[in-house]
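**Q** Top to bottom, those sequences are chains L and A.
Position one of the first sequence corresponds to residue 60 (our numbering), numbered consecutively onward.
Position one of the second sequence corresponds to residue 60 (our numbering), numbered consecutively onward.
Watch out, some of these pointers could steer you wrong.
No distinction is drawn between identical chains; accordingly, a pair holds when it is met within one copy or between any pair of copies.
[As the list claims (entries may be wrong)] Lysine-lysine pairs mimicking BS3-like chemistry, simulated, CA-CA at most 30 Å apart:
hint: 1; residue 1: Lys155; residue 2: Lys348
hint: 2; residue 1: Lys67; residue 2: Lys244
hint: 3; residue 1: Lys135; residue 2: Lys195
hint: 4; residue 1: Lys300; residue 2: Lys155
hint: 5; residue 1: Lys135; residue 2: Lys67
hint: 6; residue 1: Lys300; residue 2: Lys244
Keep in mind that the hints were calculated from the coordinates and are not lab data.
There are 2 protein chains.
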Amino acid sequence: MIDVKDKKSVCVSGLGFIGLPTACVLATSGYSVLGVDINPEVVNHIQSLKFTLSEPNLQLLLENAITSGNLKISTKVEAADIHIIAVPTPLTSDHKPNLSYLNIAVDALIPHLRTRDLVLIESTLPIGTTESMAQKLHKYNPEIYIAYCPERILPGNIVHELTHNDRVIGGINEDSALKAVNFYKSFVHGDIITTNARTAEAVKLAENTYRDINIAYANELSMIADHLNVNITELIHIANKHPRVHIHNPGPGVGGHCIPLSPWFLASSTPPLTQLITKAREINNNKTKWVIEKIRKTIKENNARVVACLGLTYKPNVPDLRESPALMIVDALEKEAMVLRVDPYFPDTIPLQEAIAKADLLIGLVAHREFQDIASHEITGKMLLDFAGVFE
Amino acid sequence: MIDVKDKKSVCVSGLGFIGLPTACVLATSGYSVLGVDINPEVVNHIQSLKFTLSEPNLQLLLENAITSGNLKISTKVEAADIHIIAVPTPLTSDHKPNLSYLNIAVDALIPHLRTRDLVLIESTLPIGTTESMAQKLHKYNPEIYIAYCPERILPGNIVHELTHNDRVIGGINEDSALKAVNFYKSFVHGDIITTNARTAEAVKLAENTYRDINIAYANELSMIADHLNVNITELIHIANKHPRVHIHNPGPGVGGHCIPLSPWFLASSTPPLTQLITKAREINNNKTKWVIEKIRKTIKENNARVVACLGLTYKPNVPDLRESPALMIVDALEKEAMVLRVDPYFPDTIPLQEAIAKADLLIGLVAHREFQDIASHEITGKMLLDFAGVFE
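Take these sequences, add in the hints, and give me the full structure.
**A** In structure tokens form, the structure reads like this:
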């Protein structure tokens, strides 16, 4: 690693799932960091250290960063050598990228920018956005370095992935790329790959869309297999013994804030060219409805009264409910039967053993590792519906 | 390997891409083999050894099998301990499985079946077909063993893949599976995985469809990248550095007799449930049309007069033109310019260097390894269009 830690200042805009851990990692890597969020509640919570963070190591990292004085938190941007923008870029209700937070963050930056500052955008973006933002910034000061550096991490292990994953850096020009590489090299252990801004934007979207399409295939296959009386788990297990085949795992839908959004970002630039991509989104959404119907039918046909739903999160082994299809399914079932919500990542839910004892019908929605130990004698005589490989 | 080679007799129905090499391998593995094809021309050609076979080792294997007397060729089925059906199962013009050859082969078998004979189907089948065929056969003799054992090989290396790939065996019942396992174990070195007939049918279709969908994604992405001015090769190269991402290579479409058919076989059983699968087929077909349009536009805009098309086959490094999109593209261009067809696997085509020298526009359609040595100075000043990574 190149040593550039002469107490350079970094201002991180957006203190969410990416911005906060990034600010903490930088503060403990020798930078003087200002973390900015326009939401005063978020700022107060972080400042008072009352945040309960589920990510391993993050709570301690945050405490160290703040007590050392290397991390300050504010609602206002200040001048800094390096600006990182990690604000959310959600979707509008009609599946278009909503760049409001990004625009607010960029506008807030402008009065504080100095010649040779480095501006890094980490938010997921539609292709061409970094170039537009660069045009805006360069109007005020043409000697600003700008690069797009998408985060590529999985929730559940953020601090490790932030520092150990490979990074892609898309410079708006070669000098910008070089400046960005030197900065990331100071705290990233993974490889750093450089390209232009458009390609870096496309890489992030293409990666997530790859996963969405392959999950959509697994989900479509699971519905076909159900219809044709073929065991989907066995089918995929055998097909994947083929050296050139890697079918993903089906589930009750696709959640989280990453995979379901990127395909729409790709589609926003080139709607007539993204038919497979939008079809995959449709299939993954339909899978959730299909699961609800399947459960409803089973409840009705078997007169089930008490239903235990195993797993609420959008993926296994994290306490993360963002856009969780499991949660949508559980909510939809409330009208059909007495629903017992079971999730070891949420202590207020029903304990597993109690739910198994009370329920007529057990429904597998998320394959948390805590469910792996369910013994077959515990579920003897219970009806089972498994959409996530929970009972295997 | 278990030694069951007490000169058991095998009758192989269908002497095409799979049946003939299978018959040869069995004849040289100690079986007494009768190869049957209803086409007398095929039978005559094979008997006279006038067949020119492009597959490595197959020509020699065939000569040995026939001269040793272990392989006989005929238009008529005879009694045998083991019957293998390897007839084509093509598509009708409206994308439905055409099982005529299969039905003819099964009907031809019936008069010759004896108690405890083993019937193995290797053709690609819609899910449930083996069960239907078994019902038909069991009407005549309920003591026939029946299993579905899809071939899973790549053209270009058939003899090696036949004996070294893992095999999936789907028995119509457990005894059938066991009988089939013992037979394949006598000449297959790969693992043998057993399941029921429906699942084995689904595995074969799901494997090919996985590849079709992933190629469709790569093809869709290549059109998006073209529209947004992003280099598709660089995009995929960087995205695939992500440990959980494996985007396939785009191309001018999908050809051959395997991948483009299986999705329709899946769709035939459950049309409303196969929307992603049929959309992927549409994208892969549209990619061919998109390539033609792209070339037409380039020819017009640049007044190109002589166009060299590099590659004619449906995939690299084989002399196989079946359903080749490259060939469709080349044919479509005949009206637009003088077209030089270049393919080292077909000696009658124009030699590469000559075509490069004469053409204004070079078009990469198939990445044969023979094209890897094109030096950059040879193509200086030529217009290039590359749809298959030929000039990289």
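**Q** Compare the structure with each hint and give your call.
**A** Verification of the hints:
In this assembly of identical chains, Lys155 and Lys348 lie within 30 Å of each other by CA distance both inside one copy and across copies; the values are 23 Å within and 29 Å between. Taking the shortest alpha-carbon separations for Lys67 and Lys244, only the intra-copy value of 14 Å comes in at or below 30 Å, while the best inter-copy value is 67 Å. Proximity of Lys135 to Lys195 under the C-alpha cut-off of 30 Å is restricted to the intra-copy arrangement: shortest distance 20 Å within a copy versus 79 Å between copies. For a Cα distance limit of 30 Å, the shortest separation of Lys300 from Lys155 across copies, 28 Å, qualifies, whereas the shortest one inside one copy, 39 Å, does not.
Within a single copy, Lys135 and Lys67 get their C-alpha atoms as close as 19 Å, which meets the 30 Å cut-off; across copies the closest is 85 Å, which misses it. Taking the closest pair of Cα atoms, Lys300 and Lys244 come within 30 Å of each other only across two copies (18 Å); inside a single copy the shortest separation is 39 Å, beyond that limit.
Checked against the numbered hints above, the structure breaks none of them.
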